[in-house]
Every structure is written in C-alpha cells, then in structure tokens.
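**Student:** The chain contents come next:
2 protein chains.
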Amino acid sequence: MKLTPKGQATRQRIIEGAAEYLRGNAPGAVTLDDVGAVTRTSKGQIFHYFPDGKEGLLLAVARHEADGVLTDQEPHLSALDSWESWIAWRDAVVARYQAQGRHCPLGALMDQMSGSPGTAEVITELLAQWQRAIRAGVVSMQASGQVRAELDPDRTAAAFVAGIQGGVQVLRATGRSDQLEAAFDLVLDYLRGA
Amino acid sequence: MKLTPKGQATRQRIIEGAAEYLRGNAPGAVTLDDVGAVTRTSKGQIFHYFPDGKEGLLLAVARHEADGVLTDQEPHLSALDSWESWIAWRDAVVARYQAQGRHCPLGALMDQMSGSPGTAEVITELLAQWQRAIRAGVVSMQASGQVRAELDPDRTAAAFVAGIQGGVQVLRATGRSDQLEAAFDLVLDYLRGA
Chain Y
1 MKLTPKGQAT RQRIIEGAAE YLRGNAPGAV TLDDVGAVTR TSKGQIFHYF
51 PDGKEGLLLA VARHEADGVL TDQEPHLSAL DSWESWIAWR DAVVARYQAQ
101 GRHCPLGALM DQMSGSPGTA EVITELLAQW QRAIRAGVVS MQASGQVRAE
151 LDPDRTAAAF VAGIQGGVQV LRATGRSDQL EAAFDLVLDY LRGA
Chain U
1 MKLTPKGQAT RQRIIEGAAE YLRGNAPGAV TLDDVGAVTR TSKGQIFHYF
51 PDGKEGLLLA VARHEADGVL TDQEPHLSAL DSWESWIAWR DAVVARYQAQ
101 GRHCPLGALM DQMSGSPGTA EVITELLAQW QRAIRAGVVS MQASGQVRAE
151 LDPDRTAAAF VAGIQGGVQV LRATGRSDQL EAAFDLVLDY LRGA
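Those protein sequence lines, which keep their order, are chains Y and U.
If you're matching positions, the first sequence starts at 1 in full-length UniProt numbering and goes up one per residue.
If you're matching positions, the second sequence starts at 1 in full-length UniProt numbering and goes up one per residue.
Everything labelled a hint here was simulated from the structure, so no lab data went into it.
Keep in mind the model is a prediction, meaning the values are calculated, not measured.
Do not rely on the hints blindly, as some may be mistaken.
Since copy identity is lost for identical chains, a pair holds within one copy or between any two.
[To be verified] Dumping the calculated SDA-like pairs for lysine to any residue here, alpha-carbon to alpha-carbon at most 25 Å:
no.	residue 1	residue 2
1	K54	T174
2	K2	E55
3	K54	P27
4	K54	A26
Given these sequences and hints, build the entire structure.
**Tutor:** Listed below in structure tokens is the structure:
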C-alpha cells in the first residue's frame, strides 16, 4: 500500500500508540477497540492501515519494538572502536534490561504471536542487524590493533548475540541479570585476550 | 495431595501422554478432552490429579519437559571432568537442538503460559540446576589442574547458561545453530585459556 506522507504519519501514530498501550497490557487481551480508543482512531481507519486487523497491527508493533532494541543501544553500538565504547555499550544494555525487568514488550508480543507469519522474519532481521553491528566493532578493533587479528569476528559477534539474548531471557524468567552480565564480561575478556 | 503408587503412576501417565501430544499440537488449542482421548482418561480423572484443570496440567508438563532438558544432556553434563567430556557435551546439546529445530516443546509451553503462576519457578529451577552442573564441571577441571585456578566457576557457568539459552532461542527463531555453536566454542576456548 502506497501512503501519502499524512497517511504514513497516521499509521505511525497508531503503531506508536498501540506499542505504548501494549507495554502495559497483555497483547492477547488487547482489542482493536482499545487501540482505537488510545490512539483516537476509528476502527475503519485501523483497518485501512492494517487490512489484516489485529495480527498485522501486532506485527507492525513488533517491528517497531525490534527497531527500539537497536536504537536503545546507540550511540555505543555503531561506534565500538575503543574499549571505553565496549564498556559503555555493555553498561547501557545491562541497565536497559535491568530497568525493563521481567516485562519485555517485544518478548510478550513474540510469545503472543508465536508461529504467526512474519514474526520469525522480524526476529531474524533484528538478530542479523545486531550481529553485523557487533561484528563491525570487532573488525574496527582489529584494524586499530586493539584486538588480535586471528580472532574470528563473525563467531565472536554470534556468541555476543547468543549470550545477550540468553541473558535477557534469563532475566525475564528470574528477574536477575547475573547471567547477562557474566555473558558480556566473558566475551569482553575473550575479546581482550585476557 | 498424597497419592498412592497407583495414583502416582496414573498421574505420570497423563503427564507423559499430554507431553507427547503437546509436542505435535499447539498448547493454546489443546483441550482436556484431547488429553483425555490420547491418555484414555476421563475428565473426572484428569481433574482428580489436576484440580486446576488445564493450567495445572500444562505446568506439570512444563516441569516434565524441563527435567528432560537436563536428562537429555546426560551422561555428559554430570561428568564434565575432561576436555573429551566437554566436547561430547557440546556436540550432544548442539545435535539435540538442531534435531528439534524451530519447534521447542518447553518454549511453546512457556509462551502459552507466559505469566501463569508457577511458570517462572519451573524455569528458574531448571536454570539453577543447569548452572550448578556446569559449575561442578569447571570446579572439577580446576581440581585436576586442567583449568586455571583464577577463573571464576560461577561466572563461567552463568555465561554458558546465557549462551546456550540464547543460542537455542535464536535457533527457534531462525532455524540456524551458528549462534549456539559460536557461544559454546567461545566459552570452551575461554575455559581452555586459548
């Protein structure tokens, strides 16, 4: 669907309003009437922008939240070119997920949409972008001689993604960030050659 | 509820039948009638053993599947006392999750039961047991001088748990095991002091 700039703005307003509402309410129980009420949009308008109804809207919200996962890691994630940046990134990610605690909006959406078409794609694309950004950081540290050349940037970035993802999952289940912090610190130690 | 040995056997039969049925069917759509049919049990019997109905039964199945996560890692997980054991453990876990692919029975149950009382406890206990077993392996490698004494066994075990958990989550979303393998190999390299 080709939207005018005004249409795009309305669509974005619905997504952001729905995202905010969903941060405080379980996705399963949310109705299009709820979304209409909080975004002051009619049901006809919602169906205009999201012809699949709730499923399409939830997918757009998931994409929006997935973008947020990466932008919340900036400015560190795009500039991992010194040890200070890596530490600042680690601290920012840990603080963000500690603040979030057990309630992960993207995770709750994914649980709800488990198996829906499009969901796996949103997550796959998020993970790939994330891993590329970390990989670029490893490569830049190698270029400046701060990380040994023989280290494999792809596997190191993949291990970071696994460790952070798993640490966040553990935090969601247990409320504790020990595993997240341990994963970060171990991979950072490995990167340093400590 | 105190059960006779026969009662315990019936309860266990219902759990195992439901677990098997749930491996092929989405937990959200499964009814107690389905479980009754596949386990040849009356609804009255199911409610006798699971007074909370479906929620209590799903929780018991989740506990059963969580036990399976650890027993599937034996005999390696309880005997991580040589590099051969660590490698055999790594290979067994990777092969198990590759075979499972996108469909994780415990994960699907957890998605469905997200927020239900008891769910967090099942996962917390699973993760704690898992981490203790890995920690014991690190300590035994240190006792035999195969791993340097200054390495922190708790943090190393916590990083393993995060990496494996995250790797499995990524595999569920993308169908690929690269992140799982990278996490294992990186923590093993770190353990070896490579």
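**Student:** Please name the hints from earlier in the document that this structure breaks, with their numbers sorted from lowest to highest.
**Tutor:** none
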